Amino acid sequence: MAFDDQVKRRFNVVGTRVTRPDGIDKVTGKAAYGADISAPGMLHGRILRSPHAHARIVSIDTSEAEALAGVKAVVTGADLAMPEDADFADVAINCLARDKALYDGHAVAAVAATSKAIAKQAIRLIKVEYEVLPHVTDVDAAMKPDAPVVQEGRALENVPAGKSQNVTTYCKFGHGDLDAGFAKADKIIERSFKTAATHQGYIEPQACMASLGNDGRGEVWCCTQGQYMVRANCAAVLGVEESQLRITASEIGGGFGGKTSTFIEPVALALSRKSGKPVKIVMTRDEVLKATGPTISSSMDIKIGMTKDGRITAARGELRYSGGAYPNFTVEMGAQAAFAAYDLEAVETIGWNAMTNRPKEIPYRAPGAPTAIYAVESVVDELCQELGLDPLDVRLMNAARKGTLSSYGPTFNEIGLVATLEAAKAHPHYTAPLGPNQGRGLSCGFWFNFGGNTCVSLNINDDGTVGVVEGNPDIGGSRASISMMAAEELGVPYDKVRTVIADTSSLGFNDITDGSRVTFAVGLATIEAARAAIKEMCRRVAKIWDIDEDAVIWEDGAAKPAGPNAGTHPPMTLAEIAAIAGNTGGPIAGHHEVNADGAGVSFGVHLCDTEVDPETGAVKILRYTVFQDAGKAVHPDYVEGQMQGGAVQGIGWALNEEYIYGEDGRLQNPAFLDYRIPVASDLPPIETVILEIPNPGHPYGVRGVGETPIVPPLAAIANAVSRAANVRLTELPMSPPRVLKAITG
Amino acid sequence: MKTIPVATTINGDETEFLCHTDESLLDVLRDRLGLTGAKEGCGTGDCGACSVMMNGRLVCSCLVLGVETEGAEIETIEGMAKGDTLHPLQRVFLEEAALQCGICTPGILVAAKALLEKNPDPTDTEVRYWLAGNLCRCTGYDKIIKAVQKAAAEMRAA
Chain A
1 MAFDDQVKRR FNVVGTRVTR PDGIDKVTGK AAYGADISAP GMLHGRILRS
51 PHAHARIVSI DTSEAEALAG VKAVVTGADL AMPEDADFAD VAINCLARDK
101 ALYDGHAVAA VAATSKAIAK QAIRLIKVEY EVLPHVTDVD AAMKPDAPVV
151 QEGRALENVP AGKSQNVTTY CKFGHGDLDA GFAKADKIIE RSFKTAATHQ
201 GYIEPQACMA SLGNDGRGEV WCCTQGQYMV RANCAAVLGV EESQLRITAS
251 EIGGGFGGKT STFIEPVALA LSRKSGKPVK IVMTRDEVLK ATGPTISSSM
301 DIKIGMTKDG RITAARGELR YSGGAYPNFT VEMGAQAAFA AYDLEAVETI
351 GWNAMTNRPK EIPYRAPGAP TAIYAVESVV DELCQELGLD PLDVRLMNAA
401 RKGTLSSYGP TFNEIGLVAT LEAAKAHPHY TAPLGPNQGR GLSCGFWFNF
451 GGNTCVSLNI NDDGTVGVVE GNPDIGGSRA SISMMAAEEL GVPYDKVRTV
501 IADTSSLGFN DITDGSRVTF AVGLATIEAA RAAIKEMCRR VAKIWDIDED
551 AVIWEDGAAK PAGPNAGTHP PMTLAEIAAI AGNTGGPIAG HHEVNADGAG
601 VSFGVHLCDT EVDPETGAVK ILRYTVFQDA GKAVHPDYVE GQMQGGAVQG
651 IGWALNEEYI YGEDGRLQNP AFLDYRIPVA SDLPPIETVI LEIPNPGHPY
701 GVRGVGETPI VPPLAAIANA VSRAANVRLT ELPMSPPRVL KAITG
Chain B
746 MKTIPVATTI NGDETEFLCH TDESLLDVLR DRLGLTGAKE GCGTGDCGAC
796 SVMMNGRLVC SCLVLGVETE GAEIETIEGM AKGDTLHPLQ RVFLEEAALQ
846 CGICTPGILV AAKALLEKNP DPTDTEVRYW LAGNLCRCTG YDKIIKAVQK
896 AAAEMRAA
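If you read the sequences in order, they're chains A and B. Under the working numbering, the residue at position 472 of the first sequence is numbered 472, and the numbers go up by one with no gaps. Under the working numbering, the residue at position 124 of the second sequence is numbered 869, and the numbers go up by one with no gaps.
It cannot be assumed that every hint is accurate.
[As the list claims (entries may be wrong)] Pairs of lysine to any residue, SDA-like flavour, derived with a Cα cap of 20 Å:
{"id": "1", "chain 1": "A", "residue 1": "116", "chain 2": "B", "residue 2": "827"}
{"id": "2", "chain 1": "B", "residue 1": "891", "chain 2": "A", "residue 2": "622"}
{"id": "3", "chain 1": "A", "residue 1": "30", "chain 2": "B", "residue 2": "776"}
{"id": "4", "chain 1": "A", "residue 1": "194", "chain 2": "A", "residue 2": "731"}
{"id": "5", "chain 1": "A", "residue 1": "120", "chain 2": "B", "residue 2": "808"}
{"id": "6", "chain 1": "B", "residue 1": "895", "chain 2": "B", "residue 2": "867"}
{"id": "7", "chain 1": "A", "residue 1": "116", "chain 2": "B", "residue 2": "808"}
{"id": "8", "chain 1": "B", "residue 1": "895", "chain 2": "A", "residue 2": "681"}
{"id": "9", "chain 1": "A", "residue 1": "116", "chain 2": "B", "residue 2": "824"}
{"id": "10", "chain 1": "B", "residue 1": "827", "chain 2": "A", "residue 2": "731"}
{"id": "11", "chain 1": "A", "residue 1": "116", "chain 2": "B", "residue 2": "748"}
{"id": "12", "chain 1": "A", "residue 1": "30", "chain 2": "B", "residue 2": "824"}
{"id": "13", "chain 1": "A", "residue 1": "30", "chain 2": "B", "residue 2": "839"}
{"id": "14", "chain 1": "B", "residue 1": "747", "chain 2": "A", "residue 2": "681"}
{"id": "15", "chain 1": "B", "residue 1": "891", "chain 2": "A", "residue 2": "16"}
Since the hints were made in silico from the structure, they are not lab data. In this text, all values refer to a predicted model and were calculated from it rather than measured experimentally.
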């Protein structure tokens, strides 16, 4: 769907800062999240988890737990179906292990009981006999040919022979003659980097309430980024038909990609089927950190050549990611994103994924990109330092622009990178003075963005109000944006529109809330649905006026005669048309179904000042500014919110957050006390500058904005810290001991 | 295990409940009294999503036992608005878009109200340190700090 041919379009609603429709419920405690509902006769579910990083499950004896008063059902992996499809099978064995426990925290069995306390007591009565196996949690160790094998026979066909069986994915992107490119360079830097796995850190643990009868009919209430995804996974894992499962998405307390899979819903359904009662499962924080998706951990080598005036002549990257105990393709996105900000003659990126005894990786905001771009932008910064060049000028000189053959294949259309870099250069932050032990860093960031499968129904109500029905959980204010686009297109006030999120039985299939797709794709479908409704309203009015349909136009919320030849009819407003719809052909609605293309890539630039304490290695963020192309900012407050929130998650990744495994393969820090996400006192204000370079693929020019902001902070902070400390940091997180070690050698 | 009767005042209403000796105030509020505005983000006092006032003091309700509240005055997010009139903090949080997913919002509002009752004119740094016990993963805190300061200014002027 193309950008509207309206060069100076005047927006009435889009671009304003209206109040979100779910706001009152959220400031008064009324909003119902995953754990907030109960049902008559409800049981409480609880899951028993493996204490071992890697172990064969020899036997499971549930008899004592079943005999405990108040216990109504116990399930193990044997109670779930084993789907033929490999992805569904991975979901099944991750929900409840079969022959092996693959990581510390892997679910092994579950109980449903009449109280939380009895459920807790009951899982302690389940006797699991384990045969402990050798484990591996480090990606480089896992790739060695003699490494303990996490799962056998999972490598894709294109993985070269002779690798450990843990290596499941191999990919390669790029173009040009690398040798010739490096030969032209005046300076070549090659560096290796490592990054720790981090967690999305949503404050709401996964929670669900599920009910399944032995007739195969079921209901699930859960916090998820995609109710249709939950339906597909549950249907496959329970062996029931999708039409018989109705999944309702609750309000969602954060996701950031982490709620794009299922961990507990199939277990709750299995317990419900066995007990005949609704079952509620709420994960603890310990379970969330041990058993839901952290991001990948990585090890990377980057080599870049540059001329003395700053032109990049060749670039090569090799990325080794581990997505935990299952095959994983995040490295492909990392390899594609690594050099996307640059217009390069010669570039190659190679990616590997290796399985380790860690929880299954689940996407985290721009999955794969932050780590790869961290490594690339660190080397670019070091080249600038070595050659005495301005890091912004070098990026401007090498920036990808319209017509650039990207490092991953496609040729870029209209993109906002140059404008974003220029905005950063012009900003007072870039030239503000720095004190001792302080350094300034910058980094570009990139994300592909996504469109995807989308359904929207738009109903014209008989009182002249409008209902929009869409199928994507609202994770950060999207209902406001969708209502705004409907109001804009129809020409009615924002408060006349109410947008609701449908359950899976009330609307056709929608892809999950991911890929920064909702405001783009659901917005696009909403605009099209509104146009369908407008067409119908114009047709009704043409009938009343007894003129051709083409002679009626829609303007400012009313049907009007197209010109003097159409006659002198007074305009009919939406409300007037709606009031008599029963007499002109019945209810009026518009709908649109699409697999949306044209999401339009997104670039951002982050500027960061840090101060390093030479005595302790502690890093303080002094100033932080985010520049990003939003295409068209539908609701600027929530665009800024995405930019600020992503930046702060990146700050946590850069400085504090880390999955720490002991020699025994057990996670050492499964609590917010030790897995430390940024708190308010760690941070300065996060300044934002929104650029609007319209996306040609959306009628209003919208681009997704959610993911790009987490990409640049890792390198922006690493570059600032490296300049402040006068030593190049190559490992994340840059925790005080690690920084101190780098300073003191 | 037997339950114990407890008599408290919650949001100004006399409230009696039965609970086990090992049940947290948070579980009592959510599971026994249907007051689900306080959230459990961690259960270990690290996230502040369960913040409530107990006898005028800001506490993590996951770290208080239900039986400890005998005779206590409890205030939760459900008692913050008066009828259909939002507390200035609640209204300004909406005006300033100081929430995204909203799961931390009840705890942050309760904590911010406690701060402004103690210190009606805090510096940004004081707001940031006071709210350091309340985790928010969506906003980066920027709009939260601005909203607290705007509400504080309004409340001082009122």
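Hints and how they fare:
{"no.": "1", "hint": "A:116 / B:827", "verdict": "violated, 34 Å"}
{"no.": "2", "hint": "B:891 / A:622", "verdict": "holds, 18 Å"}
{"no.": "3", "hint": "A:30 / B:776", "verdict": "holds, 15 Å"}
{"no.": "4", "hint": "A:194 / A:731", "verdict": "holds, 5 Å"}
{"no.": "5", "hint": "A:120 / B:808", "verdict": "holds, 19 Å"}
{"no.": "6", "hint": "B:895 / B:867", "verdict": "holds, 11 Å"}
{"no.": "7", "hint": "A:116 / B:808", "verdict": "holds, 17 Å"}
{"no.": "8", "hint": "B:895 / A:681", "verdict": "holds, 19 Å"}
{"no.": "9", "hint": "A:116 / B:824", "verdict": "violated, 27 Å"}
{"no.": "10", "hint": "B:827 / A:731", "verdict": "violated, 52 Å"}
{"no.": "11", "hint": "A:116 / B:748", "verdict": "holds, 15 Å"}
{"no.": "12", "hint": "A:30 / B:824", "verdict": "holds, 11 Å"}
{"no.": "13", "hint": "A:30 / B:839", "verdict": "holds, 15 Å"}
{"no.": "14", "hint": "B:747 / A:681", "verdict": "violated, 43 Å"}
{"no.": "15", "hint": "B:891 / A:16", "verdict": "holds, 19 Å"}
Hints 1, 9, 10 and 14 from the earlier list are contradicted by this structure; the remaining hints agree with it.
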